[in-house]
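A.B. asks: What follows is each chain in one-letter form.
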Amino acid sequence: MEIKIENLNKIYGGGNWALKDVNLTIPNGMFGLLGPNGAGKSSLMRILVTLMKPSSGKVTVDGLDLMKNRKEIRAMLGYLPQDFRFFAKLKTWEFLDYTARLAGMKSRSVRHDAVDRMLEEVGLFEARDRNANRLSGGMKRRLGIAQALINDPKIIIVDEPTTGLDPEERIRFRNLLSRISSRDVIIILSTHIVGDISSTCENMALLNKGKLAFTGSPEQLMMEAEGKVWLIQATEKEYLEINDKYPVIATIPTEKGWELQVVADNINGYYGHQIEPNLEHAYVYFMEKNLNQWSMA
Amino acid sequence: MISFHNIQSIAKYERKTLFRSWFFRIFGVLSILVLFGMNFGMVSEGGGSQWIFRAIPSAIPYFNLLILNVAQAIIAVFLASDFLKRDKKLDTTEVIYMRSMTNGEYVIGKTLGNMQVFMVLNFAILGIALIFNLIAENTGVPLLSYLTYLLLISIPTLVYIMGLSFLLMSLIRNQAVTFVVILGYIGITLFLVKDNYYYLFDYMSFNIPMLKSEIVGFGNIDTIIAHRGIYFFLGSGFVFLTIFLLKRLPQSESLTWFSLLFGVIFISAGGYLAYRHVDRFVSQEHQRTEAIELNNRYAAFPIADVKSHHIQLIHNKTQIEVVSKMELVNNGRSAIDTLVMHLNPGLVLSGLKVNNQESSYTRNKQLLVIPLKSKMEPASTNNVEITYSGNIDETFCYLDIDNEMRKEKFGEFVINVDKRHAFITQEYALLTPEANWYPETGVSYSSTNFGWSHTYFTEFTLEVATDTALQAVSQGTFEKTAPGKYAYKNDQPLTQISLAIGHYDYKKITAGNIDFGVWHIKGHDFFKDSFSELKDTIPSLIEERLRDFQRTYSLSYPFKRFNIVEVPAQFKPYQRTWSSVQETMQPEQVLIQEKGYLLRDFDFKNQAKNIKRWSERNGESLTDKDLQIRMINNVAGNFTREGGRPNFSMQAGGAMQVTETSNPHFIFPQYYYFRNHLRSDRWPVANQVLEAYLKNQSSDMGNNWMRNMTGMSEDEMASLALQDRSLEQLLNDREQRKLADNLIKLKGDVLFTAIQANAGESEFAAMLRNLLRENQFGIIRFTEFDSILYNNYNISLTPMMNDWFKEVNLPGYLFSSITAVNTKAGDQISTMVSFSASNTSNIDGVVKLSFRMGGPGGGGRGRMMMGPGADNSMNKILSLKAGETKRVSYLFDSEPRGLTINTLASKNIPQSIMQFFGRIEEDQKAVPVEGEFPSDVPVSTLQPNEIVVDNEDPGFEHSVANTTSLLHKWIITEEETGSKYKGMNSWRPPLDWTLTTNSDFYGLYIRSAHFIKSGTGDQTATWNLPVEEAGYYDVYTYVAQSATRGGGFGPGRRGGDNQKGEYLYVIHHDDGETEQSLQVNNAENGWNLLGSFYLGPGSKIVLSNKSELRTVVADAIKLVKL
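Residue numbers (the working numbering), protein chains in the order written: chain H, 1 to 297; chain C, 10001 to 11122.
FYI, nobody ran anything at the bench for these hints, they're computed from the structure. C-beta atoms are modelled at their ideal positions from N, C-alpha and C, and glycine is treated no differently. Among the clues, some could well be false.
Claimed, not checked - Label-pair distances were calculated between CB atoms; the ranges are:
no. : chain 1 : residue 1 : chain 2 : residue 2 : range
1   : C       : Val10034  : H       : Arg130    : 34 to 42 Å
2   : C       : Trp10257  : H       : Glu6      : 25 to 33 Å
3   : C       : Tyr10197  : H       : Ser136    : 37 to 45 Å
4   : H       : Asn175    : C       : Val10070  : 36 to 44 Å
5   : C       : Asp10222  : H       : Val110    : 30 to 38 Å
6   : H       : Ala75     : C       : Asp10222  : 44 to 52 Å
7   : C       : Val10264  : H       : Arg130    : 42 to 50 Å
8   : H       : Val110    : C       : Ser10254  : 29 to 37 Å
9   : H       : Thr25     : C       : Trp10257  : 28 to 36 Å
10  : H       : Ser136    : C       : Val10070  : 42 to 50 Å
11  : H       : Leu64     : C       : Val10264  : 26 to 34 Å
12  : C       : Tyr10197  : H       : Gly13     : 39 to 47 Å
13  : H       : Gly13     : C       : Val10264  : 28 to 36 Å
14  : C       : Val10264  : H       : Asp166    : 48 to 56 Å
Pulled out of the complex, with its shape left as it was, chain C reads as follows (with noise of 0.2 Å):
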């Protein structure tokens, strides 16, 4: 029989004990402070707060327990392999020994004094954390949480590793080597292996995604309560092992057996559920292979539009039961004897009609599969009805999204979010087309066939029934047919509908006829006093917003009202290779995830405090009316941004990479995928290569910062992959799944500019525009649009079309210095703009230039917030047959700021050259001409006696340091994948010399360098030289000063100040080595001349890492005959 008093005895004084260690006092107070801080910092409006904080309140918590648990893993280590040692060290120990109690007891007691202390201070964190909570605004207080991640987090770890310590400290039996050992696994656990594995050695929950929604709790609890069970076993199994292994005499000798049963059985059953853990997402990998299989085996049937789709549904529980009521049309050319039918596998089928006949069918997985007693014939229609019942099993959500790109972090700061696709609870429900909840014709993915994608417009209508106190959400228009009961109807067909179910109210303005709304859970209507002074004007602004993102695209919004949806934090879109639309954007509606958590516009406190901050810095005097107009076009920049925030990530070696993503909230698919379709069966992706064309109307300047942070747009590393592979290798290839919008944009730009540049760009612009319109909620066939360009233009893409598609080729460009001058015709002042470029390869090209028009300022954040509202800008298409070469000549009566050459689709990279003109002055001399002249001179950028090495030439080489440790590259098998050329940072430049680009670098087609962290001067770059022809030779190494100052992303000197800094060029020559330094920031913008010297075959030209800037850049060497 257990004494709970012996236990209660031994944990009590052995916390005393550990009250009074200094080690635990010293830890205690840094965890107080430093998490004081980081509230401070993170949750408090006075420190500036993370809106995640405030919007999701059970983040405070969770971040508490997450920060605290790292130390406090390690602390315990020290606290607990302590107890036996000190056991071992105090005599007195032996009078506690000879007592009357059982080692169970013992090491009970002792396990528990030590898990009490830390819960005392875990609790003391908690109420530190409470605290911010309760003073944070907007925010909840949300008390279970706390307990609930304290059992969560830090039960199970303190559990594990205080069982880990015992056990290792018995069998080893030296403390030092233990903590070794420990503090290895630690390290390793943490900083390596990381979510690897499916965050099976998380035993911190440091990774595995825990966030608790405001709206549906835990989005994956059976998750977290298996991983934390985990733990808590084999903790608890440890510390049975650890009373088997004590070196007292027992009580009795069968309770010794009775601890290493138990210590067996936990650890059995830690491995276990450590085996269930694992086996659920292989088992999730399987069934989506098969998924994806079995899709592929149908992805070439013929597929039925729905005309017409009547839902019923009513929301049970945990469940929805369905009738579906379809009318199909056969749209295609050939009749139809097997519908195919995709509904998701959790949903079961308990009946199925078609043209109010029972009728047999097979269901497999996702699939439907109809064998129609009479074929259907072209044009011809069948009714189907299919009831079913049941939950979403969101295994088959995402089949295109490869694991790769699933286990990706989801959340904000150290904030982990499981990501969610659909919720069916008894007080929410989120069903979107992702989640396939109403069947739909043709296949749901396929890795083979492009033509899988199906679009056609439907006309729903959806009748829902659920609990009284909850409020059905939907597209059209709505009606409450009796409490519980809402019936929606659609204003016109549509590609899709979706159905949020939950606690909701409704707010909304209407503004140039449409409803702006926001369907927000009761009681996050934090957002109410915000714009209080604006409660006139927001129609005004809305609409002003609107207008300009018309303006820029030149389409119109299509439906009656836009509305914002609040969805749980855990739902989580993902970018398609098929489909410009995440699932955040539904017809008529964006969903933004609780409060908007992830979109710090929405943090309006913050955004004022900041925005407020910033007009005094710049001398501004703001109205509390002017900050609300810029708080609002702030959110409405996120509506109208193509591009996301960038992600940031570690590479080896230490750089710092960062990617690009997609905004999935930007609103354009409400212009067109929503709107128009076009089809073709032979190239499915055309209409997202027109949808990108009409995407893409604004000019490039302003993302140029983001290339130069990535080290290679997305766009150009779609050029460099399509240097060796066709569009239609690409777009099959999984590996380029992140590359394919980029890939359909540049290659459609090259289609369209083409297309464009014969019809003239206002005329073309105008005809589209007009055929989109006529066509909206409608089809556009592929043969249609060819005919009417064909009529207007007299040009067919079809022909075109397959090399389009196919071809493994592009043109690569040289340009000329580009120049501009202000030049005089009688009393008419106008800029002169000219340049040279040579079209050097075998096929044609076109390149696209971009005017930056009006003056000094404006843009900046402004504009890159805002997303292209209104646009300065001049386009102008210059078309280059293959090895041709042309001079041409711009006038413009106003000085233009810059101008962004944009090669599209070409071997050169960067694709956009940008030139910036500052000061233009005047040339009396020049004569102002405009046009484009075909040359007989090719731009070169050599002369004949020069010879040029640039680091991509044969002749570059340089030292490869060993930045991955072998630990590393045994526990994290798979590659790091990521672009050849990297992003320039100084603040944390790489170990290893690393490839960048930047239009100012040296370059034939590709303008790059290489760039290292300055050292001691162990590593090295080397050209060596080919020199056939010995003699003397001046040498010269190119500066490229903009890139090298570059705005704070580039080498620069320490802290970007002026500290001065040289490079150390070593010359090996005939005559021995000569050692030449350069002053960097002194240095020219282009060549500089290292000196004179009598070169020969197998001299060469070594830069080492020794300097005292941060970074050291190895651009290009030439060599001028003397």
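With the rest of the complex left out, here is chain H (with noise of 0.2 Å):
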């Protein structure tokens, strides 16, 4: 299974771009889409999930037009939306049975089994008859989780999943997403978290003010910043120096002043010594390169 994307814009009213010319070819498995807030994640998972059009562009999913197949491409889709916090007056349960229903699960014992089990897997069977409305933060996640897994959808659309949840909820989550990637689906994970990238994703993409800056692994990425990510040892008055002219990652203070983390090209004047990258390294370096090279263009 396969989501190609080719030449998609969106563009709001006022003339807003909120996606120019996005070219990307999801895979099977977990795909990571990164980007900082309005980069244009929600604006591409609104389009994939058929809440909103494009203005542009074409989406197809093995081969089908996402425009002209929305039925066959909605019956695919599972999708958990940034906001997931308000619902009508329904029991937990029943807002499961509902989605289930809509899912096109027509068999009633079906439905329930298919219900429980879901319920079992996201840990919210104690609080099924709980209002859904008064579940937690991390319940109400995780209830969205399920309902967009409820029809064993080809795809799995999450939009910021992790966001105001606990670091036990948010480990939880990941794992939860890994199992089920091991299934035949593409799941589409848009997240600012680089942590939920590097942990989970096998492909990924990196948006920027509407444009792909980044398609690969995350290793890919990675090795974009290989020789770029330096420690340095640095004293008060050099600290200061340096926040100003490199992207500071990380800040330790020691006994002879600071251990910093920068992204940079060279460190030309300063005690250090290159590191190896991670992602949020390479996110950091990515971004940084290429809002460079867009603001001089």
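Combine the two chains into a complex, taking the hints into account.
C.D. replies: Here you go:
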């Protein structure tokens, strides 16, 4: 299964470009969509889940045009939107049952089994009779993923799923997605939290200001930052200078001053050495680089 | 392909969500509680119950859904528009929107969910109604009606209001604005438009008649289905447009356009039905206008009488097949070369023979014009045979009744009943002369020629063939010749016959050689156990009531039988201008609508309870027999009382208007209209005048409460109209239709009272009754009547008639105060009543004096309800020539209780001046004298040094409050008509100064006052004082205490208590302004001094509406020069 995005554009009223000439192929497995706030991730997600029309361009799912085959494509989808807090006055199991019905599960017993199984899977079985509006933030997220998965969708799109979750919930959530990704599905995980991608995704894309900045694996992105991440020992005075010159990723106080992780092509005049980049370093390097390019352009 | 699974899923969870909404829960509980209470009050006998609900049980679900529907239509707006708002607000909606379903499935599912919620509530309410229905006695349980009303009332309303809410919410995108728009629309349609524009805007079906009869079902099912279809289709169309406008990417673009297409198709269907609905009414109006014009063209053709009429009728499903054989006689003075007849246009002719030979004829609408091969000379006869079949087209019934009157509500409480005038269904038929089901000579009505109304007496025979399970009911002696075959033969010639066919049962008793019977629909014998104690005494009771009635009118019942015939609830009679008979009255029959649902006295269960309660309150101990006697007397009262139940309506400005109605079951026509006819080609109205005179044989005291309610009796309105126009002009004016019988009665009273004054009351009465008896079931020609008068009393009517008919002038009378004293002549004590009276006009006049005799008590409700039974009054006639004044005195052996002076057709309003005497003192100086003594001193109400400004004078003016909204004026373009003078009521006084009359108010001829609801002082009444000579004057104001206290109808104190209250007057005099208050409840009845002031030209007195009292009354101001 493959999602192919070609020359996708989305322009909102007033000429605001949300997406500009996006070309992307999303294969099976877990796909991360990374980018800062306002990069166009949610617009892309909403187009992919048929909630919004693109201004131009084409999206196909296994050759099926998203605009022309909404019925078929919607049947393949599971979606967890960025905001998932306010429900109608329904109990947890009822909400899930409602989405299961709309996902095409007609048999009452099959649906009940699926609902219970899903509630077990996301750890909400005990809260099945609780009003969905009264669940905690994490529980609501889990309910969200449960409804997205209830019909065993081929494509699962989750938009900023870990925002606002405590670390324990976040890890639990990532593990859940990883487990599902082992099936024959596409999971698109949109986030601005780099850790979500690094720990789960095989492929990823980087969006910035509506444009695609990178596509590939997280490792490839990290390779782009090879030799560009430095660990510098700096005095108080140097710290202030470095902070002005380079993006500082981490700041650790030491007995002699500061130990700084910075992203830069070189650090002329400062004492430091190169270190192995992680995805966060690569993301910052990439964003910094593109920012400069785009600003120069 | 539509997925019902998706629709069901969405509906299910929408339903769940709405059920959990507190808004809906509160509404649901309140609806249940309110309707439970209403059912308890209206349906259950414990609560007092309205008879209509038990008489016609389908009224129970109808009523419940009608009330619920108004509330749910409003709530549905909130819930329906909420779904789009919720969609917008709930971020979780996105996970629903991205599911594989069409927008149509989504919106239809939501609509269905909303509908289901309301359906549950509807079922709950219907369940409550059903329980009350099951508990109620004397009624059936029409289960199918419960479902029918749900389909006809709730579903179209909900679909429409939801569709409208969805659509407006989709367009406006703001719930608050949508609410305001829709609630405004609901308010306008419910309170302003109401039943206007042929019920077109009545989407809640609050006004369109929908009562389902137990005899014939719905009487207007086509209209109902079309009307409800309008809203169902419009609502459905709006739902489809909402699908089109839904802010969700559609499953397929083509489906979206289908939504638009369906939306347009459904709205067009609704529009088409609306067009058809309106067109049906409009084309009926056109047809009626054309029919009248057609009649007018042929109204002057000479008319033959029908001497005998043999009708063979086959009732075949929804048609009748008739062969009508008539013997016509020319009783006129000229030969007839063209026969003009009328027959309902719904009946199609298949053959016509004159003197056994096929004849040519022209059929145009209701008219049948037959050119005769040889002229029909006076006194010659012709045989005419007509064969026809079909159903009755009711468009052509009541051509004389205008649209305004036809539009008036019919029914009880909020139950609206459609108006039907004939029925031919498979199981039932009702044909009265108004249906024109058999041919009659002449035209059916003319608006230009009085001579159209041509009454004759015919020997009818009727043969009816119908289903073997059905019974035919008509006049005369009947014989069942074979199963389903009946032959009726009249005992005497009749003016008309009627025919009812249905599942009838017959019960009768014989009293005084008359068979009193009831033809009721099988199972409708609810009365059978109500008179168990009277089995032996009912005949004598009925005979007694009959004798009372006959004694009052000095006329005898001319038929061998009197039958009450039960007819469908929808059967609606109208009061006519040209006849005293309503269609509910047929020779030897009275037609009563379904179990008498319009007559409270037919609710025997409740009546018994009420009589018991009242008697216990009065400390009376009633046996069951006494109770049942009262009940039967009350029932009898429905036939012997002339007046019907008053109509109450709300006028612009909030004042309650009460109008008089005639009693459609008043049996007087049996004694005159169906028995005698005074025929005059020149003055066709003569017959009605004679009838009105015969009918008007009782004193008027009992009706005074009614005129106080209405502000002016219809007789007084007629008097007022006669001041400017002649009787002839007024009778030609359709606008005056409502007053026609009053005009005839008044003018007739003047004519016959003048004859009586010359001939002697009892002599004239005896002569007249003898004449009627000798000519019963035949025609009395006017010339013959006139010559009898001339021969007996040397009076000729003919020379008087022209003036009487065409004259525009009325006498006006002034009366001094009336005194009643006990006088002594030897040992003989007698009561002397005396007063002076002046006829100030330039034409002769006559007034009727009615002394109410007997001790205190009596009368009251019993008399009013029983009609003019044993009337204990003594009548006198006082003639006053133009400009004449008389001092009159009357002596009585026993004390009279009061005197009513009836000024007949005169300038005096109120027409009747009433004086109750109370305790009569002895006057030792008074010399007992009886007689009329001419006087040179006219009655005067003023002294030379007095000036009076009455509220009728030009010097009186008042502020005008704007009590009608612009919206109302814009929507209801027709002006509300009504009397200049309104009734005075304290429970809902007007917000504007309103004229009312009462004989206790001050006035020269018109004793009137203005009154208004008390307020902040923003409304004022001003008397501009015509002071020519400056100086000191005593200023008086007139207070009519009895009118002010007036029996609950006067302005009185709040709630009728004795709360003190003041009127605030500001006297504008030469020295400035002085505020003067008057304690009304301590004031004198009559003139009350406000003070002495120096007044000059330009002085005035202003009374404001600021008062603690409920109303403020402005009457007259008197100045006395010091």
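A.B. asks: Determine for every hint whether it applies to the structure shown.
C.D. replies: Here's how the hints hold up against the structure:
For the hinted restraint 34 to 42 Å between valine 10034 (chain C) and arginine 130 (chain H), the CB-CB distance of approximately 35 Å keeps it satisfied. Roughly 27 Å separates the CB atoms of tryptophan 10257 (chain C) and glutamate 6 (chain H), a value that falls within the hinted 25 to 33 Å. Checking the proposed 37 to 45 Å range against tyrosine 10197 (chain C) and serine 136 (chain H) shows it is violated: the Cβ atoms sit about 58 Å from each other. For the hinted restraint 36 to 44 Å between asparagine 175 (chain H) and valine 10070 (chain C), the CB-CB distance of approximately 58 Å leaves it violated.
Checked against the hint of 30 to 38 Å, the C-beta distance between aspartate 10222 (chain C) and valine 110 (chain H) comes to roughly 50 Å, which is inconsistent with it. Range check, alanine 75 (chain H) to aspartate 10222 (chain C): Cβ separation about 47 Å, and the 44 to 52 Å hint holds. The supplied range of 42 to 50 Å is met by valine 10264 (chain C) and arginine 130 (chain H), whose beta-carbon atoms lie about 46 Å from each other. Between valine 110 (chain H) and serine 10254 (chain C), the C-beta spacing of about 32 Å keeps the proposed range 29 to 37 Å intact.
One distance hint, 28 to 36 Å for the beta-carbon pair threonine 25 (chain H) and tryptophan 10257 (chain C), holds here, with the actual separation near 34 Å. Separation of serine 136 (chain H) from valine 10070 (chain C) is about 44 Å and conforms to the stated range, judged on CB atoms against 42 to 50 Å. Between leucine 64 (chain H) and valine 10264 (chain C) the CB atoms are about 32 Å apart, so this pair conforms to the stated range of 26 to 34 Å. At about 43 Å, the CB distance of tyrosine 10197 (chain C) to glycine 13 (chain H) agrees with the hint of 39 to 47 Å.
The beta-carbon spacing between glycine 13 (chain H) and valine 10264 (chain C), approximately 29 Å, falls within the hinted interval of 28 to 36 Å. Separated by about 55 Å at the C-beta atoms, valine 10264 (chain C) and aspartate 166 (chain H) satisfy the suggested range of 48 to 56 Å.
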